[in-house]
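Undergrad: Sequence:
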Amino acid sequence: MNSSNAKNKLDKQRLDFVRFWVEYIRKMSSDIWSKQQKELIDAMIKSANQNLKEYLRVKMIAKKIAKKLRDEKRAH
0 MNSSNAKNKL DKQRLDFVRF WVEYIRKMSS DIWSKQQKEL IDAMIKSANQ
50 NLKEYLRVKM IAKKIAKKLR DEKRAH
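Here numbering that gives the first Met the number 0 is used: position 34 in the sequence shown is 33, and no number is missing along the way.
If you're looking for bench data, these hints aren't it; they were derived computationally from the structure.
Computed from a predicted structure; not experimentally measured.
Check before you lean on any hint, since a few could be wrong.
Computed beta-carbon distance windows for the label pairs [unchecked claim]:
1) LYS66 / ASN1: 49 to 57 angstroms
2) GLU22 / ARG69: 54 to 62 angstroms
3) ASN48 / ALA5: 33 to 41 angstroms
4) GLU71 / GLN35: 52 to 60 angstroms
5) ALA65 / ALA5: 35 to 43 angstroms
6) ALA65 / ILE44: 29 to 37 angstroms
7) ALA65 / ARG25: 50 to 58 angstroms
8) SER3 / ARG69: 49 to 57 angstroms
9) PHE16 / ASP41: 20 to 28 angstroms
10) LYS26 / ASN48: 29 to 37 angstroms
Don't be surprised by glycine CBs; every beta carbon is placed ideally from N, CA and C.
Let the hints inform the model, and build the full structure from the sequences given.
TA: Here it is in structure tokens:
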């Protein structure tokens, strides 16, 4: 499959996905899908916050390791 066919397939998948959700939103009451949307957005925000905390934790550990390696190198 060449890149043009792959892009067309991906574009079709995206369009099908959008059409699916448009139909879903049309069929469901706004109370239901808006609650689901809120839950999704809240989960994404929580995940982003956790990822930020994990990133900062790893960065702090990396700084400590780098400092220890520099100190060891100076000692030799």
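Undergrad: Of the numbered hints stated previously, which ones are contradicted by the structure, given in increasing order?
TA: When the structure is compared with the hints, none of them turns out to be violated.
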